[in-house]
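These protein sequence lines map, in sequence, to chains W and D. So the numbering used here is basically just the index in the first sequence, starting at one, shifted up by 212. So the numbering used here is basically just the index in the second sequence, starting at one, shifted up by 5.
Think of the hints as simulated: they come from the structure by calculation, not from any bench. Mixed in with the good hints, there may be bad ones.
Quick list of in silico lysine-lysine cross-link-like pairs, BS3-like style, CA-CA up to 27 Å [stated by the list, open to error]:
id, chain 1, residue 1, chain 2, residue 2
1, W, 381, W, 411
2, D, 133, D, 147
3, W, 425, D, 248
4, W, 214, W, 411
5, D, 161, D, 147
6, W, 299, W, 273
7, D, 228, D, 15
8, W, 278, W, 299
9, W, 214, D, 15
10, W, 425, D, 161
11, D, 15, D, 147
12, W, 411, D, 147
13, W, 358, W, 274
14, W, 214, D, 121
15, W, 425, W, 411
Because the structure is a prediction, the values reported are computed rather than measured.
One-letter residues, chain by chain:
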Amino acid sequence: MKRFIGFVRKEFFHIMRDRRTAAILFGMPVLQLLLFGFAIRNEISEVRTGILDLSHDVVTKKLTDKIFSSGTFVASAVLNSGKEIGKAFASGKMNEVIVFEPGFAGKLQRDGTAQMQVITDGSDPNVSRIVTGYTESVVRDFLREKSNAAGAPVGVEAVPVMKFNPALKSVYLFVPGLMAMILMLVSALMTSISITREKETGTMELLLVSSLKPIQIIVGKVVPYLLLSFVNVLTVVGLAFFVFGVPCRGSLALLLAESLLFIMTALSLGIFISSITNSQQVAMMISLAGLLMPTVLLSGFIFPVASMPLPLQAISNIIPARWYLVIVRAIMLKGAGIAVLWKETLVLMFMSLLFMTASVRKFSERLQ
Amino acid sequence: MAEQVIHTEKLTKRFGNFTAVDEISFSVSAGEIFGFLGANGAGKTTAMKMLTGLLAPSSGSATVAGFDIYRQTEAIKRNIGYMSQRFSLYDDLTARENIRFFGGIYGLDNATIREKCDRMLHVLDLVKEGNTRLSALPLGWKQKLAFSVALLHEPKLVFLDEPTGGVDPVTRRRFWDLIYQAAANGVTVFVTTHYMDEAEYCDRVSIMVDGKIAALDTPEELKRTFGSATMNELFIQLARPAKRSGQ
Chain W
213 MKRFIGFVRK
223 EFFHIMRDRR
233 TAAILFGMPV
243 LQLLLFGFAI
253 RNEISEVRTG
263 ILDLSHDVVT
273 KKLTDKIFSS
283 GTFVASAVLN
293 SGKEIGKAFA
303 SGKMNEVIVF
313 EPGFAGKLQR
323 DGTAQMQVIT
333 DGSDPNVSRI
343 VTGYTESVVR
353 DFLREKSNAA
363 GAPVGVEAVP
373 VMKFNPALKS
383 VYLFVPGLMA
393 MILMLVSALM
403 TSISITREKE
413 TGTMELLLVS
423 SLKPIQIIVG
433 KVVPYLLLSF
443 VNVLTVVGLA
453 FFVFGVPCRG
463 SLALLLAESL
473 LFIMTALSLG
483 IFISSITNSQ
493 QVAMMISLAG
503 LLMPTVLLSG
513 FIFPVASMPL
523 PLQAISNIIP
533 ARWYLVIVRA
543 IMLKGAGIAV
553 LWKETLVLMF
563 MSLLFMTASV
573 RKFSERLQ
Chain D
6 MAEQVIHTEK
16 LTKRFGNFTA
26 VDEISFSVSA
36 GEIFGFLGAN
46 GAGKTTAMKM
56 LTGLLAPSSG
66 SATVAGFDIY
76 RQTEAIKRNI
86 GYMSQRFSLY
96 DDLTARENIR
106 FFGGIYGLDN
116 ATIREKCDRM
126 LHVLDLVKEG
136 NTRLSALPLG
146 WKQKLAFSVA
156 LLHEPKLVFL
166 DEPTGGVDPV
176 TRRRFWDLIY
186 QAAANGVTVF
196 VTTHYMDEAE
206 YCDRVSIMVD
216 GKIAALDTPE
226 ELKRTFGSAT
236 MNELFIQLAR
246 PAKRSGQ
C-alpha cells in the first residue's frame with residue numbers, strides 16, 4: 213500500500229510539473245463549457261430583416277408592424293425592388309427578406325389567401341431554418357387574431373410543448389456531450405500518453421524489473437486520472453448548474469456513479485491503446501482520431517444518431533460516449549433512474565471489461 | 006570456488022523460427038565484474054531480459070541469485086538491480102524525489118530512504134543539486150545517480166545495459182570507479198557495452214555472435230588465445246563473420 217501511494221504521488225508530480233498537462237486537465241473543461249455555453253447557441257436573438265412591400269396596403273402594414281413588435285426581428289432595410297435582395301444578402305447585413313405580393317390585402321379579402329415570400333440566407337442552413345420558423349409563427353399568430361376578430365373558425369392548430377427543455381436552451385444539449393468529450397480526453401488520451409511516455413523514456417523497463425507487479429503499475433497509473441476525471445465531472449456539473457442553470461433532475465449520486473463507470477471505460481481504452489503502441493505520438497493520434505472525433509461526431513452529441521445513415525448508426529453503437537450520453541441526458545434532464553438505464557449501463561460495463569481483458573492479454577503477451 | 010550468482014545451462018530463446026539466444030551456458034561468480042559483449046542483434050538484450058525475469062526462456066535452465074528463472078522471477082526481481090541502456094530515471098522529478106520513489110517501490114521504509122538518500126547525494130557530490138529537477142543535470146551525473154539508485158535496495162547482483170552511452174571518456178572512467186567500488190563491496194556486476202576500453206576493465210568477458218557465446222575468458226587470456234593485440238581487434242575478428250548484424 214505504501215509503495216502504491218508513492219507511485220500515485222509520483223504520478224501527480226508528473227501531471228503538475230508539465231504545464232501543458234495541467235492546463236489541459238484543469239483549464240480545458242472550464243474553457244470548453246464556457247465556450248459551448250456562451251458562444252455556441254442555436255437560439256437567435258436578433259434577426260435582421262428587410263421588407264419588400266409590393267402592395268403597400270393596410271394588411272401588409274399591420275403584418276409588418278406585428279413582425280417587428282415581437283422583439284426578435286430588427287428592421288434592417290426597406291427595399292424597393294427585387295433586384296436589391298441579392299445585394300442585401302451578399303453584403304451579409306441581412307438574415308431575412310420578406311416580400312409581400314402586389315394586391316396583398318385585396319387577394320386575402322377576395323380569395324382568402326395571399327402570398328408572402330420569406331427569403332433567407334441558405335449558406336447557413338441552421339440559421340435559415342430557425343428564422344423561417346420564427347416568421348411562420350408570427351404570421352400564424354397574426355392570422356389567428358385576425359380571424360378571431362372576424363369571428364371566423366380557425367381550424368386545427370398544433371400547439372408544441374418542448375418537454376424537459378421548454379425554452380430549447382442549447383446548453384442543455386451541450387453539457388452532457390461535453391462531459392463525455394472531456395472525460396474521454398482526460399481519461400483515455402492522458403493515460404495512454406503517460407504510459408507510452410514511460411515506455412519511451414525507458415522507465416517502464418525499470419518498473420517492470422522492480423518487484424512491482426504489472427497490475428500494480430497499471431493501477432498506479434490509472435488512479436490519479438480517475439480522481440482528476442472525477443473532479444472534472446464535478447466541475448462541469450457545478451458550472452452547468454450555477455452558471456447556466458442546467459438542472460440535475462434525477463439522482464446526483466446515480467449521475468456520479470454512471471460517470472465513474474464511463475471514466476473506467478475510457479481509462480481501459482487508454483490502457484488498451486498504450487498496450488498496442490510504444491510511442492506517445494501514435495498514442496495521441498489514435499486517441500484523437502480514433503476516440504475524440506467519433507465522440508464528437510457519432511455519439512449523438514451534435515448530430516442525432518437517429519438521423520444518421522444506417523452504417524453510421526451501426527458504428528455509433530461501439531462508441532462508449534453514445535451510451536453515456538443517453539444516460540446523462542436521461543438523468544439530468546428527464547430525471548430518469550437506473551430502471552430505464554440498465555441496458556446502457558450494462559453496455560458500458562461490458563466495454564470496460566472487454567478492453568481491460570484485451571490489455572492484460574496484450575501485456576502478458578509482450579512478456580512471453 | 007566462489008558462489009555462483011548466475012548460472013545458465015543451454016539457455017535458449019526462440020521467436021518463431023528465429024533463435025535469438027542459442028544454448029548459452031556460463032557462470033558468473035559473486036563479486037565479479039562480468040562483461041557481456043556482442044554486436045547489435047547478437048542476442049545480448051534478449052539474454053539479459055531472460056536473466057532479469059522480463060522474458061520467459063524457450064528451453065534450457067538458469068538460476069539468478071540462487072533463484073530459478075522459470076518459477077521464481079519475483080524473487081529474482083527483488084534481488085537484482087537494473088540500469089538500462091537509455092537514461093531511465095524521471096527527468097521531471099528531482100534527485101531526491103527519484104531516490105524516494107524507487108526506494109518506495111522496493112519497499113524501503115522512510116527513515117532508511119532518507120538516510121540512504123543523504124549518503125548517496127554526499128558520495129556523488131550532488132548535495133546542492135538534490136532538489137534540482139534531473140532535466141537540468143548533465144548526462145554523466147544522471148547516469149551515476151541511476152547506478153546508485155539501482156543499488157538502493159542492496160541487491161547481490163546488478164545488470165547494467167550499456168550504462169555509459171553518450172558521455173566522454175573521463176566521465177566514463179569516473180562511472181567505472183563506481184562500478185569497482187560496488188564490486189569491492191561484494192556486488193556482482195553484469196555489464197553490456199560497446200566500448201572496448203571498458204571491456205578491458207572487466208574481470209571476465211563473454212562475446213556473443215549469432216546467439217551463441219563465441220568466447221569467454223579474462224581479457225588477457227582472450228587476447229592471447231586469439232592472438233589479438235587489443236580487445237577491439239579481437240571483437241572485430243570474432244564478430245565480423247556474423248550472419249546477423251544490425252537490428
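Comparing the hints with the structure gives:
no.	hint	in the structure
1	W:381 <-> W:411	46 Å, violated
2	D:133 <-> D:147	14 Å, holds
3	W:425 <-> D:248	38 Å, violated
4	W:214 <-> W:411	24 Å, holds
5	D:161 <-> D:147	22 Å, holds
6	W:299 <-> W:273	24 Å, holds
7	D:228 <-> D:15	26 Å, holds
8	W:278 <-> W:299	26 Å, holds
9	W:214 <-> D:15	40 Å, violated
10	W:425 <-> D:161	21 Å, holds
11	D:15 <-> D:147	37 Å, violated
12	W:411 <-> D:147	18 Å, holds
13	W:358 <-> W:274	11 Å, holds
14	W:214 <-> D:121	18 Å, holds
15	W:425 <-> W:411	16 Å, holds
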